[in-house]
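Chemist: Residues per chain are reported as follows:
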Amino acid sequence: MILIVNGGSYQVQGGARTLLEVLRDDLGLMGTKEGCGVGMCGACTVLVDGRPFSSCHLLAAQAAGKEIVTIEGLQRNGNLHPVQQAFLEHGAFQCAYCTPGFVLMTVALLAENPSPEDDEIREYLSGNLCRCGSYQNIVEAVKAARRK
Amino acid sequence: MQIKDSFVINASQEKVWELLFDIPRLSKCVPGVESVEVLDDKRYRGKLIVKVGPIKSEFSGIVTLAEVIPPERISGSVEGDDKASASSVKASFSGTLATVGAGTEAAFVVDLNLRGRLAQFGGPVIAATAKKLTADFARNLRAQLEHQVS
Amino acid sequence: MAIGRSVPMLDAPARVTGTVDYMINLRLPDMLVGKVVRSQSPHAKLLKVDVSQALHVPGVVAILTGPDLGANALYGASIKDQAVVALDRVRYVGEPIAAIAAESMDAAEEAAMLLDIEYEELPAVFDALEAVQTGAPILHEKYTDNIFIHSKLRHSDMETAFAEADEIFEDVFTSPLAQQSSLEPHVTAARWEGDHLTVWTGSQAPFMVRRVLSEILGIPQESVRIIVPPLGGAYGGKGHIRIEPLVAVMARKTGGRPVKFVLSRAEEFVTVTKHAASITLKTGVKRDGTFTARQVTIYWNGGAYADASPLLVPQGMVRSVGPYRIPAVRVDSYGIYTNLPPAGAYRGAMSSQATWAYESQMDIIARRMGWDPLEFRLKNLYVSGDRFATGETLHDVHFIECLQAAAGAMPAGPSPEVNKEKKVGRGYGVMMKSTVSTSKSQARVKLDDSGVATLFTSTVEMGQGAHTAMAQITAGALDIPFEQVRVVGPDTSVTPFDSTTSASRSTNMMGNAVLAAGAAMKRRLIDLAGPLLEIPGEELRAEGGRVLTKDASISYADILKRNGLPSLEELGEYSTALTMDPETGQGISTPHWHQGAGAAEVEVDTETGKITILRYAAASFAGRVVNPRLAQLQNDGNVIFGLGPALMEEMALDGGQVTNPNLADYPIPSIRDVPLELISVCIESEEGELHGIGEMTLPPVAPAIANAVEDAVGVRIKDLPITAEKVLHALQERLKP
Amino acid sequence: MSIKFLEPSDFPEAAASLAEHGDEAKIIAGGVSVTLMLQQKLIAPPVLVSLGRIAGGDSIRQSSDGLHIGALAKLRNLEQSSVVQEWCPALAHAFRVVGNVRVRNQATIGGNLSAADYAADPPAMLIALGASAQVFGPDGKREVPLGEFFLGFYTTALRPTEILTGIIVPPLPTSARASYHKFSSISAEGRPCLAVGAVADFDADGRCRDLQIAIGAAVETPQRVDTAEAMARGESLTDELIAAIAEEYAQALDPLTDVRGSAWYRREMIRVFVGRVLKEVRDGNR
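Protein chains in written order, with my numbering: chain A, 3 to 150; chain B, 43 to 192; chain C, 160 to 896; chain D, 5 to 290.
Hints are computed from structural coordinates only; laboratory data are not their basis. Beta carbons are placed, not taken as given, at the ideal position from N, Cα and C, and that holds for glycine. Check before you lean on any hint, since a few could be wrong.
To be verified - Computed cross-link-like contacts, BS3-like style, restricted to lysine-lysine with a CA-CA straight-line distance of at most 25 Å:
1) Lys-582/C to Lys-125/B
2) Lys-45/D to Lys-98/B
3) Lys-98/B to Lys-174/B
4) Lys-173/B to Lys-125/B
5) Lys-45/D to Lys-93/B
6) Lys-582/C to Lys-283/D
7) Lys-125/B to Lys-45/D
Stated by the list, open to error - To give an idea of the interface, some chain A residues facing chain D are shown, with a C-beta separation under 7 Å as derived from the structure:
8) Tyr-12
9) Gly-41
10) Gly-52
11) Pro-54
12) His-59
13) Gln-64
14) Val-71
15) Tyr-126
Claimed, not checked - Listed below are several chain A residues computed to face chain C (Cβ distance under 8 Å; list not exhaustive):
16) Gln-77
17) Arg-78
18) Gln-96
19) Ala-98
Extracted from the complex, chain A is given alone in its bound form (with noise of 0.2 Å):
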């Protein structure tokens, strides 16, 4: 089976595994971890072919063959991606566990709608979960993030 990640393609085994197993133990992307298991918490967010998914419940074989992108896949020639770099000035984390899950969130809350509203904001990231509590500065990211 061939999966294609941050523009690489490669040949793995499927099976019952998840994307998520996948990632970390065949192709050593750890940025994408498991928080909770069961799709509530964000922490194993991964985009496929532009959209937010979970890969903690998303078997690997069914990403077969679609554009999957994770967090390692963000930066563009070494710099920042743009939502990367606006949750590093707004300090928008604390153990940084949840981060890469709502850098992604937000990546493909601004590809479907670039200036959200506050509450469209809220909505969309409200199942992503930061026990540390960064929402406040996660939130301001967002909007700094966001197009004017």
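Once you've looked at the hints, dock chains B, C and D against the given chain A.
Modeler: Just chains B, C and D now, with coordinates in the frame of chain A:
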């Protein structure tokens, strides 16, 4: 979690009691029983398949009888586990028979403790599954006894 | 000046690119995966654990069970009652019975299924109050009433104090079993090289782990190396000793191959919990609005093993009195064994439960006596110079400023009429918390001849930004640019001793150790510069990375180069050793006091009982703030964290089995649970000491909300969490004739 | 654990695979619940029949006989579909409140309904709209009204070799108004404690011509209460009548207890939200 129920079978109290100890016929009444082996007069080993939606669990364990007062009272405990889903069940049960007119009223109380991964299914699902199991058991029991031409 | 600036976290780029090397990402050459096999019985004799079949599963390298443990198989942070894996008894659902090391998780899981375990069930008890009744099942023979610790505070004669009261209030407040739920689970790896053990672990207390492991394994502490990378959250749940003993002993059986254990979310719920607590507060007040006496009785549900409780229950005693001048105080704080997973620290340890009790009762008293809840608090709050119930004098306390800052940040509230009709209410909460009483922090600073300073610290970076703050303090102490400071995190064979990263002690304790190291380094530099500049040391001072007088100066780097020294090292230490009389609790309980306050404005839907938090304002005393943005994140983060225990967090149990061990049925606060208006203020004191704020705005959240609910609709909830169902039930009870 | 992953190109081929492999095979559409059960070792089917490649399986189209939704339509697409929005905004809302954006990007309406999880959102609204399930099996197509589709916890009327291929929502009179309400009792991100879907049709002078209300999440399977609906027909929905209908629902159903609420609380909530939903459809602001 506790499950209480009672039902009437129009067969004599002796015949109902007799069936309780006729293991091959009794095990046919319990839906999903795979095998029953008599270890001694108080202990039986068996396998039970329980289906909840798409999930099929196979519990293997031991039934131990405690009180046996023919023909009216029986109690005991069940301990079994389903290795595949790392789950186990521990239950104590007590049943009483009483003659009511031409038939027999069977009443029982089961204290059920489901443990391990299946316990995450939550109260309502476990209770409903257990109720369905006991309802089927009652129906099969009645079928065994009422149509039997004595 | 580096201190006081909102510099980004040292490894901020790694945090937004997902390249932080958390424990969960650790990969070692030919590393094995570990799996724990856990008890399904809450209390049973362990008759047999047959591994013969399981050992034959291809890919299984070793299996650890009770018999493998040597003599000192029992351990504990203070009471040694816990076995690395169960010996002859299991005491809670989820207790480790065996551990498997294998090449793959599939192999380990297949082996787990083939373990033949036989129990003989014993009666079990889960509620702390039942566990102390006579006839209750006994968990540990030595403790026949299941009470493993009883902390006492005796302050003066309670009879006369209560006799002087015009009104006496007695209320019981409870908080449920809860779980820290850091998104990164517990992860620990271990590898033996001969008699030397290296353990990588997500722990808040590497040196405590080192000590306990050396005791269990019977090897010197120097042969045990503990390495702690940045953590994906901890909140007290990774304090003390967690799965390190199991992993370390397992690694002894794998022939030198490293083994790594990653716990699942469900396993987190049976690894460490927040103490369920039942707190009885008996308080006497006089009509003039002052207190005469307070008697506190607390039953802390410690779970099956003492674990961290013997260190936490005495602190729970101190933290249960409250920040008000009360002449006569008596506290009985019990740590109790039950057949539940062991309890440990949960952010705002013990204060989360204690503040819920005393701040709720403040409003019960004010309401019945007809006093304004805000005034009643302001009138009685401690100020610096007051003596606390332990006899110690309070210094640097700012409870009044905290409460005024929180209350003041709320705009003028709705008029009482609107309030009643619209079911809107206000509530307040103030928190007073001690930190660790006896502890030590050491910091080593190394300055090399390029002028770069490296701080070696065992403080654990778990999202609070401790390494960034310590780097700023190092820069400030040496008076060099922040960019010239590096930090080397916890590695017990490289970084000096530190007791623990918990109870918000690090900024204060480690901060002062760094200042000491910095001061010592400056003196060394001045001594070395004197001869070079031919100026006596007394006239020299170190500033801006140089040693100088008004007309001569030399850079630190040149001082080293011209003395032929590649680098200089200085060790700084800061410690406290405070004791309290075990019988009376008199003495000194804490080096300094943590202070926080909250004000909540809520609206209650009286048809559903649902609470909407319209506004929440929080304030904490932050002393000298090192990094304003990180301090703000702690303040906001603690309020949001506090919404969990206040409104939603409760572990559901059925016969000792946790039935909601997942984040779908055990919800934690999401963005849409956060009040639209959240204001939080750090009260600073420029010339003040470095101060901890890691927990302060959390404990007031629950009582502030409950008080606001009573203000809005007149019902008092005394059992956390404050769910819509409880509010509706109370509303309907109130309407009954 | 090796597993065969079949990707049939149409429903007949999928049904054939199901028949061939018997209970060794499991259907996977969006795959949310199937993958979770695989991960937790609750199921271990040797064969997975993925419907992902079936062309047109996710179509959403309007026609004279109703709104046709392909079983493979993703909840996120249904939530954003202008066809659904125009047909019935309340139905779009019922999709929008499921889980979070990521779940809705993956979950299909067919998967959601076949899982028959009691704490779900779409079933109550679809039943209130009188929708029925299109099922394909070895002996051809059949239609099952959704009211009879859910038999118990995680149990539907689908026979082992049958596949849910689509949903049909009958036409709504222009005078009809619909409303869906998800009540989360603990956290905003939680699954529903109660789901109420309502459709009411009014004649020119505001009398209620027809009323369908389905209650979900508080009971084992989503249910309507005929006696309560009968009380509304031909009447104008006064506040008193609304209260009586709400009371009828609260008494007629047997709510369950879980972490999101006790049976007592759910009975109270049924009374409250049936009342609120009726007022919404009466006052037409939804």
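Chemist: Could you run down the list of hints and mark each one as holding or not?
Modeler: Taking the hints in turn, this is what the structure says about them:
Pair hint Lys-582/C plus Lys-125/B does not hold up; C-alpha atoms about 53 Å apart against a cutoff of 25 Å. This hinted pair checks out: Lys-45/D and Lys-98/B have alpha carbons roughly 11 Å apart, not beyond 25 Å. Proposed proximity of Lys-98/B and Lys-174/B is supported: the alpha carbons are some 15 Å apart, at most 25 Å. The hinted pair formed by Lys-173/B and Lys-125/B meets the criterion: a straight-line CA distance of about 24 Å does not exceed 25 Å.
Restraint check: the Cα-Cα separation between Lys-45/D and Lys-93/B comes to about 15 Å, which is no more than 25 Å; the hinted pair holds. In summary, the hint linking Lys-582/C to Lys-283/D is supported, as the alpha carbons are separated by about 21 Å, within the 25 Å threshold. With a C-alpha separation of about 10 Å, the suggested pair Lys-125/B and Lys-45/D falls inside the 25 Å cut-off, and the hint holds. Look at Tyr-12/A: its Cβ only gets to about 17 Å from chain D, farther than 7 Å, so that hint breaks.
Because the smallest distance between the Cβ of Gly-41/A and any Cβ of chain D comes to about 6 Å, under 7 Å, the interface hint for this residue holds. At its closest, the beta carbon of Gly-52/A sits 10 Å from a beta carbon of chain D; the interface hint therefore is violated under the 7 Å criterion. For Pro-54/A, the shortest C-beta to C-beta distance to chain D is roughly 5 Å, which falls under 7 Å, so the interface hint holds. Checking His-59/A against chain D by beta carbon gives a least distance of about 4 Å; that is within 7 Å, so the hint holds.
Residue-level restraint check for Gln-64/A holds (minimum Cβ-Cβ distance to chain D is 6 Å; threshold 7 Å). Checking Val-71/A against chain D by beta carbon gives a least distance of about 14 Å; that is not within 7 Å, so the hint is violated. For Tyr-126/A, the suggested interface contact is upheld, since its CB lies about 6 Å from the closest CB of chain D, less than 7 Å. Hint status for Gln-77/A: holds, given a least beta-carbon distance of 7 Å to chain C, under 8 Å.
Using the Cβ-Cβ criterion of 8 Å, the hint placing Arg-78/A at the interface with chain C is not satisfied: the shortest such distance is roughly 12 Å. Nearest Cβ of chain C to the Cβ of Gln-96/A: about 4 Å, under the 8 Å cut. The hint holds. For the restraint placing Ala-98/A at the interface with chain C, the shortest Cβ-Cβ distance is roughly 4 Å, inside the 8 Å limit, so the hint holds.
The structure is inconsistent with the numbered hints 1, 8, 10, 14, 17, although it conforms to all the rest.
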